[in-house]
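Note that the protein sequences, when read in sequence, are chains A and B. If you use the UniProt record's numbering, the first sequence corresponds to residues 1 to 714, in order. If you use the UniProt record's numbering, the second sequence corresponds to residues 1 to 714, in order.
Hints are computed from structural coordinates only; laboratory data are not their basis. Careful: at least some of the hints might be erroneous.
Copies of the same chain look alike in the list, so a pair counts if it works inside one copy or between any two.
As the list claims (entries may be wrong) - Heads up, simulated DMTMM-like pairs for lysine to aspartate or glutamate below, C-alpha to C-alpha not over 25 angstroms straight-line: (1) K279 / D605; (2) K128 / D609; (3) K225 / E460; (4) K254 / E294; (5) K128 / D675; (6) K254 / E158; (7) K254 / E148; (8) K602 / D675; (9) K325 / D605; (10) K30 / E148; (11) K341 / D405; (12) K79 / E228; (13) K254 / D162; (14) K602 / E366; (15) K464 / E201; (16) K168 / D252; (17) K279 / E594; (18) K348 / D182; (19) K328 / E595; (20) K321 / D605.
Since this is a predicted model, take the numbers as computed values, not measurements.
There are 2 protein chains.
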Amino acid sequence: MGVDLDQVEKEVLDAQEVADDQGNNVRALKAAVKAGEATKAQLNEAIALLKKLKADLDVKRKAFDEAVGGGSKASSVNKEAFRQALQNVLLSRCFLINSFAIYGGVAGLFDYGPPGCAIKANIQSYWKRHFVLEENMLEVEASAVTPEPVLKASGHVERFTDFMVKDKVTGECHRADHLLEDKLKALLANPLEGGKRREIEDVLARLDELGAEELGTQIAKYECKAPETGNEISDPYPFNLMFATSIGPRGDTKGYLRPETAQGIFVNFPRLLNYNGMKLPFAAAQLGQSFRNEISPKQGILRVREFTQAEIEHFVDPDHKDHPKFAKVADLEMLLFSREKQVGAVKKPVLMRLGDALAQGILENETIAYFIGRVFTFMTAVGIDPNRMRFRQHLQHEMAHYACDCWDCEVECSYGWMECVGIADRSAFDLKCHAEASKKEMTAWIAYDKPKFVEELVVEPISKFIGKTFKKDAKTVTSALKTMTEENALGLKAALDAEGEASLKAFCGGGDFKITKEMVRIERETKKVSGKFITPGVIEPSFGIGRVLYCMLEHCYYVRQEEDAKEEDKKTVFRFTPLVAPTKVTVFPLLQREEFNAVCRKLCDSLIDSGLSTLMDVTGTTIGKRYARTDEIGVPFAVTVDHDTLQDNTATLRERDTTSQVRVGLEDLPGVVRDLVNMRTTWEEVQRRFPSQGGAEGGKEKGGAAGDYSLRCP
Amino acid sequence: MGVDLDQVEKEVLDAQEVADDQGNNVRALKAAVKAGEATKAQLNEAIALLKKLKADLDVKRKAFDEAVGGGSKASSVNKEAFRQALQNVLLSRCFLINSFAIYGGVAGLFDYGPPGCAIKANIQSYWKRHFVLEENMLEVEASAVTPEPVLKASGHVERFTDFMVKDKVTGECHRADHLLEDKLKALLANPLEGGKRREIEDVLARLDELGAEELGTQIAKYECKAPETGNEISDPYPFNLMFATSIGPRGDTKGYLRPETAQGIFVNFPRLLNYNGMKLPFAAAQLGQSFRNEISPKQGILRVREFTQAEIEHFVDPDHKDHPKFAKVADLEMLLFSREKQVGAVKKPVLMRLGDALAQGILENETIAYFIGRVFTFMTAVGIDPNRMRFRQHLQHEMAHYACDCWDCEVECSYGWMECVGIADRSAFDLKCHAEASKKEMTAWIAYDKPKFVEELVVEPISKFIGKTFKKDAKTVTSALKTMTEENALGLKAALDAEGEASLKAFCGGGDFKITKEMVRIERETKKVSGKFITPGVIEPSFGIGRVLYCMLEHCYYVRQEEDAKEEDKKTVFRFTPLVAPTKVTVFPLLQREEFNAVCRKLCDSLIDSGLSTLMDVTGTTIGKRYARTDEIGVPFAVTVDHDTLQDNTATLRERDTTSQVRVGLEDLPGVVRDLVNMRTTWEEVQRRFPSQGGAEGGKEKGGAAGDYSLRCP
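Could you put the whole structure together from the sequences, leaning on the hints where they help?
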């Protein structure tokens, strides 16, 4: 990433501008030729220049693409093969299972088998630690079954839809935009006349913006058919993605499974504000299942019908979005892909310090910048390659109905760049919707830094005179006076000042009461105001746990290259971080002998006592093969009990990625491994602390590069 | 529990027997009087004796009840007041929130607010440690959305129902059995003629057995009306408790939200068996949401429509239910309430060693006994009072449609004895149902201890002769021979032995082929069989996490009595175990001064770094009041930073239940508290290790007894 991208980008932009200008020249000349005001030779000369400029632009664009580099260089064939190999491992090793497989399965539903489940639990528990504990958030667990009024208020009943088309023969359903997208991309893969190509590219760019009608027009124009069958398809129509159900036995209370966990926080806002001592800002968090009845789910566990979300709603005074801990993340460098970069000529993200991005106005405020930083450190801790992760700002039309700004944390995997976390500014949208629908206050009191002084009209009924005169009607009169408009109050004051008395009826309606001057004080006064009620803004980092998990699996999976290994001997490795690894440590007896086994069993017990998931491999194969087997399932540490152990109570501790080994006392082992797993120490530190041990593996192996697509499992 | 219950019980049983005999005498005499074979005087004498015997039985029963004692002595008024006080704390302190409260709430749906959510997460994570990690279980996470065929096979579509009645005017729905139960209990509360009383008691005892028809008869007989309105009610009819939905956009795939997590394990059995190397026994575990559309949920979070289950399915060879780790739990003592004790005269559980219960045949096998022991240690670790917990065996008619034996872990709370964990022997029911419905193998291979030798009839077609003769029909002939019944094979053999040839048609049907002796070998042979395929039995410990949590809250909540405190000064305490406490430690600066605050902030950071949820209380109130405040929310440890801290870097560490204090170095504090929370050390050990500190609280306080109902919060 050392190339000066800004310089290269500027060259592209300059070339684009020159070419655009010449394009305008050509159009003008065409008109002039028609009007007899220019010669055909002049026009031809201009067209030749335009061609040259465009070729130049293409060269510059390619140079830029190469300078940026990244995983996109890998061919789609390699990606497909890599994914297939990984998929095979994930299914055969029970990381994932197709739900209800014995009944033929259900599209979009996946189960996590033992290692997948353990990884997921580890990611979730680190999420709670990194966010809920360290940021002192208020965690809640709300119902997934949600009554209709809540989701009507939030806009989901009306707007949480995708456009669907049906195969006119089989009735099979498809997402309209996906069909059109596939068709257009297929067309672009063939040679096309320039105008046609630009037209298609334009539709593709606007795909998310298209309403039912234009989507229908485009589908008809490009003659989309049902995939596989090739049958005619229906016009597109909206399909609500929520699973509907009925709550209670009467059958008259409609409900849905929540499509996001966020609403469970918003509806509890008044209680949570109260719990927080009525103070802003504060963040609430929730981790749980959400449900979306996708039209035709594909892409493995990246688009599923039931998934785990981890959402944070940070409630904040919209006028004070500074963050006290921003300095802690300001120096983090990451790829930012702003709206400007996306719509500009050069569609590439930029590696930046968060502090600089904020200073340059690329990020709007400290709070959103701080969360981007925290998401970045979370993602790298669970094993996402920082070079294949970027934060991309949503284009205007991309944003959900509730958002006013949004940065997605996208991770590159074999499917392309996948949104794993969305960091949205939902403004006050949700709280206002719920306040209006529920008729409950959803506001917080904000104290001004210093009190403000405002002038206001005070109307003060003097009860002793009113009571004396009106007796049982006193209340009516008092209330009428108190609820007068400012205009009427001033009118009454003028009348009383002039006449000493006035008929209340003329100013308030209602009964005909004669008011005298002594009965009411009407005056302009300056009042001290120390704060105000506001509807808080909301910054929402929202995680799709399954997506984070899957992308991490892709980034951690590789083939270990041994210098002179044959193709069939190549060994696959998951380089899980110790934090997320499903099994933390494997224990081997060097030989199948009871004295070794006894030591191993005792060691396993003490490792498990320390909360470490532990395996014991007592098979008689070579240590090298047993190491390879633990590498394959991503166990970060292995302990071998050998002859020396029986003498001096030490054993060999081996680290998976470096394959280096140290010698550690048996009683120290659980503590050392626990500290490694909890990131309280590093392998380098352990290597300094304990004597190193000659490698039994022959030192021929070396780690592969992160997610290198040229490496494939057999 | 020191009384000789067996002796007292025997006395009751003897008295019961004598009274029963006399009852028979009276009935016989009545018939005899009618037939003129006995005098009325004889009958009256017999009746008088019966009355005396019954009075004697009553006295003995009461004596027994008093000997057993327990929480049931507390009056229902106290229970109600205790519950109301606790409920107020739980709602006001945000442990629980009525879901969607701003929209009026939904019956049977509760959210967990921050402290409730933290406790729940702690219970769940200890469950995973105690069971999944320490017992090496295979954890899975399966879909909640479930297609209909799965739940048809499991029997839930047909049988997972409750009987419902409707208010004929308002349409309001009620559980038929609950209405009848309430009505009968109300009747019993009044004076009743003996026969009538026994009749009602009999219906109450059989309540769970009643089908729609008899339930209807009884409801009519006892004139049950709709509660509150007093309206007429409909006949009872079954209502399925599953939430129904539709999967996918076509609307033709019916689905349900799972009513239990267990099915997600059963359908994955073949994959899990494979993951476990095809070996039995093994256990799979799942923790997740289940959904039941209860007819009219009451009892707070004890009966809700969405709840967290933690289920274990232990797959085992039904002929080998021994457990290698049983010895580890054999000495645990707990209250066991067997079926015999429940149907006997004296309906009381017995305090027993698990080892003894197994030896006496009260528990059927080691596996079920081992799990009862593990459940017991789990429950006490999370804060359930062992004296208010019992294991009750289901009566025959109580068991779910899938169970053949079941022991409930019941916990006493203000609602009575609540089932929190069920330990059911589901036998092979579920696997067999799914095998039949899915047509997939759901069996495991069991190797015999030593091979068995069995005689079988072998039919071996000799292909070279068959091929030569029949050419293209060879396959048909071979197949016909192979699939013959044993009887036909013996017939064919006899024919071939006698004639040297035979028509295949006579023995197999199909084409008319002439078989000669050389074409087939038919012989009895002894075969060595090393094992067999079986459908495993399943032992299922199933936890309702919300119920465990609620009962724990009741057991942990009490009013701390200070010797001379006024009523309004009484302080409530949650005596949460450090393991489940939502906040582990509070940090106080002795005075509101920046030098104290700075030390506190640094200490908080290092406590949080150690994974401990930490609060800081910087208010200027007295230390005593601040301690009381942390006691009220159940924080087990408090650290006070004072003048000495600034000199020697030590601070006071105070334990909530004993209110005793020690002096610990700041750098040791995070480790000490972490070890206390993870149960790696005890407060007694900490007191031995560190110097004690004079109590700033004056030592006037003492802990209340567990869940004592006489103690109430203001």
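Problem - K279 and D605: within-copy, between-copy, both or neither at 25 angstroms Cα - result: between (47 angstroms within a copy, 22 angstroms between copies)
Practice task
Up to 25 angstroms between alpha-carbons, please classify K348 paired with D182: within, between, both or neither.
Solution key: within (24 angstroms within a copy, 71 angstroms between copies)
Practice task
Measure nothing new, just compare the shortest in-copy and cross-copy C-alpha distances for K128 and D675 to 25 angstroms and report within, between, both or neither.
Solution key: For K128 and D675, both the intra-copy (19 angstroms) and inter-copy (20 angstroms) Cα distances are at most 25 angstroms.
Exercise for the section: Pop the pair K602 and E366 into one bin, within, between, both or neither, using alpha-carbon distances up to 25 angstroms. Expected result: Between. Shortest inter-copy distance 24 angstroms satisfies the 25 angstroms Cα cut-off; intra-copy 51 angstroms does not.
Handout entry: Alpha-carbon proximity context of K464 and E201, limit 25 angstroms
Key = neither (79 angstroms within a copy, 69 angstroms between copies)
Exercise for the section: Up to 25 angstroms between alpha-carbons, please classify K325 paired with D605: within, between, both or neither. Expected result: between (42 angstroms within a copy, 13 angstroms between copies)
Exercise for the section: Check K328 against E595 for me: Cα-Cα at most 25 angstroms, and say if that holds within a copy, between copies, both or neither. Expected result: Between copies only: 23 angstroms across chains, 52 angstroms inside a chain, cut-off 25 angstroms.
Practice task
Can you give me the call for K254 and E158, within, between, both or neither, at a CA distance of at most 25 angstroms?
Solution key: both (15 angstroms within a copy, 23 angstroms between copies)
Practice task
Up to 25 angstroms between alpha-carbons, please classify K254 paired with E294: within, between, both or neither.
Solution key: both (20 angstroms within a copy, 15 angstroms between copies)
Handout entry: K168 and D252: within-copy, between-copy, both or neither at 25 angstroms Cα
Key = Only across copies: K168 and D252 sit 16 angstroms apart there, 34 angstroms inside one copy, limit 25 angstroms.
Handout entry: Alpha-carbon proximity between K30 and E148, which holds within one copy, between copies, both or neither at 25 angstroms
Key = neither (59 angstroms within a copy, 67 angstroms between copies)
Exercise for the section: Go through the copies and call it for K279 and E594: within, between, both or neither, with a Cα cutoff of 25 angstroms. Expected result: between (63 angstroms within a copy, 22 angstroms between copies)
The structure is inconsistent with the numbered hints 3, 10, 15, although it conforms to all the rest.
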